[in-house]
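Chemist: The hints should help you fit chain B onto chain A, whose structure is shown.
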Amino acid sequence: MTPSAEKMYPSRLAIKKDASRASLYDRVRYYLPTILIFVAVLVGAEVFVRGLGITKFILPAPSAILQAFVETFGQLLNRGMYTGSEALGGFALGCTLGILVALATARWTAARETLLPLAIAANSVPIIAFAPIMNNWFGVTNQFSKMAIVAIITFFPMMINMTRGLTLVEPSALELMRSYAVSEWTVLREVRIPNSLPYMFNAFKICSTLALIGAVVGEFFGGTRDALGVYITQEAALSRFENSWAAIIVACVMGIAFYLLIVAVERLVIPWHASVRKTEE
Amino acid sequence: MSVVSITSVNKTFKSGANQTFALQDINLQIEQGEFVSLIGPSGCGKSTLLRIIGDLIAPTSGTVLVNGKPAPQARVNREYGIVFQAPVLFDWRSVEKNVQLPLEIMGASPQERAERAHAMLSLVELDGFQKHYPYQLSGGMQQRVSIARALSFNPPLLLMDEPFGALDEITREHLNAELLNIWRRTQTTIVFVTHSIPEAVFLSTRVVVMSARPGRITQIIPIDLPQPRNFDTRELPRYYELITRVREGLRGSESLQSNEE
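Taken in order, these protein sequences are the chains called A and B. Take the first sequence: its position 166, counting from 1, is numbered 166 in the numbering used here, and each next residue is one higher. Counting from 1 along the second sequence, just add 1000 to a position and that's the residue number in the numbering used here.
Since the hints were derived computationally from the structure, they do not count as laboratory data. We put the CB at the ideal spot given by N, CA and C, even for glycine. Be aware that a few hints might be false.
Chain A is faced by these chain B residues, among others (derived, beta-carbon under 10 angstroms) [to be verified]:
id: 1; residue: F1129
id: 2; residue: Y1133
id: 3; residue: P1214
If you only want the chain B side, here are some residues facing chain A, beta carbon under 7 angstroms, derived [what the hints assert, rightly or not]:
id: 4; residue: G1043
id: 5; residue: L1056
id: 6; residue: R1075
id: 7; residue: V1076
id: 8; residue: F1084
id: 9; residue: A1086
id: 10; residue: W1092
id: 11; residue: I1221
id: 12; residue: D1224
id: 13; residue: L1225
id: 14; residue: P1226
Derived DEER-like restraints, expressed as beta-carbon distance ranges [unchecked claim]:
id: 15; chain 1: A; residue 1: W108; chain 2: B; residue 2: S1008; range: 33 to 41 angstroms
id: 16; chain 1: A; residue 1: I120; chain 2: B; residue 2: G1252; range: 48 to 56 angstroms
id: 17; chain 1: A; residue 1: F73; chain 2: B; residue 2: E1104; range: 51 to 59 angstroms
id: 18; chain 1: B; residue 1: S1122; chain 2: A; residue 2: V39; range: 55 to 63 angstroms
id: 19; chain 1: A; residue 1: R189; chain 2: B; residue 2: G1068; range: 27 to 35 angstroms
id: 20; chain 1: B; residue 1: N1154; chain 2: A; residue 2: R189; range: 19 to 27 angstroms
id: 21; chain 1: A; residue 1: L32; chain 2: B; residue 2: Q1111; range: 46 to 54 angstroms
id: 22; chain 1: A; residue 1: T186; chain 2: B; residue 2: D1091; range: 17 to 25 angstroms
id: 23; chain 1: A; residue 1: R27; chain 2: B; residue 2: Q1111; range: 41 to 49 angstroms
Just chain B, with the same shape it has in the complex:
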């Protein structure tokens, strides 16, 4: 059974008389333990697709199954964690209380909450920052807290919407490596939205290339770089070949678009 199964999904946004085809005929299967990146120009609907998987918005037509259940049911069952581009931490909660938020909502005991928060903060290398408040942390650290919060209740699926998009290149590369460690250790399935080609290639097992207006999948590129990946991976000739392939895929989707217009 696929963790995510998307069949014939369409999404149109209506504003007055105008209709925007945000997504057109999307079909995608994501298997247990995969790391799938959605990449494409802005307006290609990659974030919309992520939100449809998480049932934050509903598709206009088509079906989305998460762990074999309709997406709304999976959301109610709390079967995924989500990380946004902004950390979305609550200023009034300490770091550990932010990480504990989903556990509190789900009714975990205080002891269990404390243990989980502690374990998650070690996982994202933020030991000793439990009692800090979000404003006392750097942007990269805040985003790591956000990842710890998303993983705190051990969801089988992690949805990430350009989580490192607002960070500088050095922090981003560091967090990329850290995310791969977390992925290996937790064996969570990850769907990752990005507009960075090197990031998508470095992280993913598959890269889904999308085009804009209408948003559709133009190519799915398997990334056969050896695991586990580390800083040396970025030196491999194959890494550059794959970057070129994704880039050409994106260019192809652009020319496809200009042919239509």
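Isolated chain A, as found in the complex:
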């Protein structure tokens, strides 16, 4: 999603009042429907599974998943850290490279016009299909093989978004800078980079989700038993589906936590942007 799309569809809470100043009552009231639906789905699943006597090979009851989660929590935590570190490492690598290439292409129009269509094409490819190749290149038990796939998956959205942020600058802002007779470098520092920050945070959000998908799915193609993805497939193969489900919950929680962390940093770094800023009352 582009920043302009966020401008068009701000969250209800952002319109109503600044979230950080909203009272506890307002917050509870805002999130209550979401929480209720979540609980209703869980209860519904429990009733559905028990009522129809569905075997746990097909769908374990939420209570069974919870039990498995509690019993295996220690190992789940370790496996989550293992896979999370792959996601984080790959994310850092892919995003850094994406930002650097975007900075280079923003400076040289020729490079941008050559690389951007390629990047957009590459971004539409199911890059996860390269996971077995990465396992082959870097070793199936080497964590770097998963970081590599995550790095490739996150590189393209970051590069594309960042390039747009650096180049989609108001023409009159460039005229203003020209009137001051400044160097291209000053234009980059004063206009292009600040302008790109909302695009960069959007890419971070997209990439945070992609990073976890990349790491877990990469592990489906092989790895050590310390990995969440390997654990999910092996437990499923042994028909211990409640364990697989418990591991999936860990992956979900990590994904959401990663996303929220980025949103929090975004609020600190670009408080002036439309998607974040506090509405005057």
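Modeler: Chain B alone, transformed into the frame defined by chain A:
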């Protein structure tokens, strides 16, 4: 020495095989302390002429001198401030930081920057808004910040490209009066592009009437309304006479154009 001296300026834009004569044989002298408006139908090249004076674009032929120097040299010397139709404020900078931008670029000390920004924001009647961000201001206030920024480094020439074109009539009249105050106090020479006849007459010492396709100057009308001008100026019979003269000048430039076609 004229502040702006334009001699035989032509500008053609080429797109493929087509050539557009944006400006043809423009000659204009603007003296120190003048307030000159460029007015004409859209496509008459008034904004193009303003950009040529500021060396944001180059003329196809002819010479432009600003304070006796070629326009590119004057730009490098930072001898003019510019205000666009959009305020072009940077969202990530507070109001005072936006006003300080040119001073930062020119290497002024933090103390000098703060003092100048403070003085300029008082000049445009925005005291107390230093720490606000652009999105917290109305369109008219944003444009005043833009004017404060253009004046912050005390340029001898101010170029304004339809600065109040996007504002409502009430705000526009208020800012017109405010701009005249600023002009009197700073004694800056102003070149002002507009498509509003009353605005041009109220503000200017001279109105330059232009025609479209090709863009050329058809008339230069001196505005002899008494200074200082204020809200009463708009009640004077002479004000309406001059509005009629400019309007007829614009109509004349239209018929001139239709004769040619």
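Chemist: Take the hints in turn and mark each one as holding or not.
Modeler: Against the structure, the hints:
Residue-level restraint check for F1129(B) is violated (minimum Cβ-Cβ distance to chain A is 13 angstroms; threshold 10 angstroms). Proximity of Y1133(B) to chain A holds as hinted, the smallest CB-CB distance being about 5 angstroms (cut-off 10 angstroms). Taking 10 angstroms as the C-beta contact cut-off toward chain A, the hint placing P1214(B) at the interface is violated, the least distance being around 24 angstroms. Checking G1043(B) against chain A by beta carbon gives a least distance of about 19 angstroms; that is not within 7 angstroms, so the hint is violated.
With 7 angstroms as the threshold, the beta carbon of L1056(B) comes within range of chain A, its nearest partner Cβ sitting at about 5 angstroms, so the hint holds. Interface restraint check: R1075(B) against chain A, minimum CB-CB distance 5 angstroms, threshold 7 angstroms, status holds. For V1076(B), the interface hint holds, the least distance from its beta-carbon to any beta-carbon of chain A being 5 angstroms, beneath 7 angstroms. Annotation: interface hint on F1084(B) holds; nearest CB of chain A at approximately 5 angstroms, less than 7 angstroms.
A cut of 7 angstroms between beta carbons decides the hint on A1086(B): the least distance to chain A is about 6 angstroms, and the hint holds. Taking 7 angstroms as the C-beta contact cut-off toward chain A, the hint placing W1092(B) at the interface holds, the least distance being around 4 angstroms. For I1221(B), the shortest C-beta to C-beta distance to chain A is roughly 29 angstroms, which exceeds 7 angstroms, and the interface hint is violated. A distance limit of 7 angstroms between C-beta atoms decides the matter here; for D1224(B) the minimum to chain A is near 32 angstroms, and the interface restraint is violated.
Contact between L1225(B) and chain A, as hinted, is not supported at the beta carbon level, the nearest pair being about 31 angstroms apart and thus beyond 7 angstroms. The criterion of a C-beta within 7 angstroms of any C-beta in chain A is not met by P1226(B), whose closest approach is roughly 34 angstroms, and the hint is violated. A C-beta distance of roughly 38 angstroms is found between W108(A) and S1008(B), which places it inside the suggested range of 33 to 41 angstroms. Between I120(A) and G1252(B) the beta carbon distance is about 53 angstroms. The supplied range of 48 to 56 angstroms therefore holds.
Taking the beta carbon of each, F73(A) and E1104(B) are about 54 angstroms apart, inside 51 to 59 angstroms as hinted. Range check, S1122(B) to V39(A): Cβ separation about 58 angstroms, and the 55 to 63 angstroms hint holds. The hint said 27 to 35 angstroms for the Cβ distance between R189(A) and G1068(B), and at roughly 33 angstroms that hint holds. For the hinted restraint 19 to 27 angstroms between N1154(B) and R189(A), the CB-CB distance of approximately 25 angstroms keeps it satisfied.
Checked against the hint of 46 to 54 angstroms, the C-beta distance between L32(A) and Q1111(B) comes to roughly 53 angstroms, which is consistent with it. In this structure the hint that T186(A) and D1091(B) lie 17 to 25 angstroms apart at CB holds, the actual value being about 18 angstroms. A beta carbon spacing of about 44 angstroms between R27(A) and Q1111(B) agrees with the range 41 to 49 angstroms that was offered as a hint.
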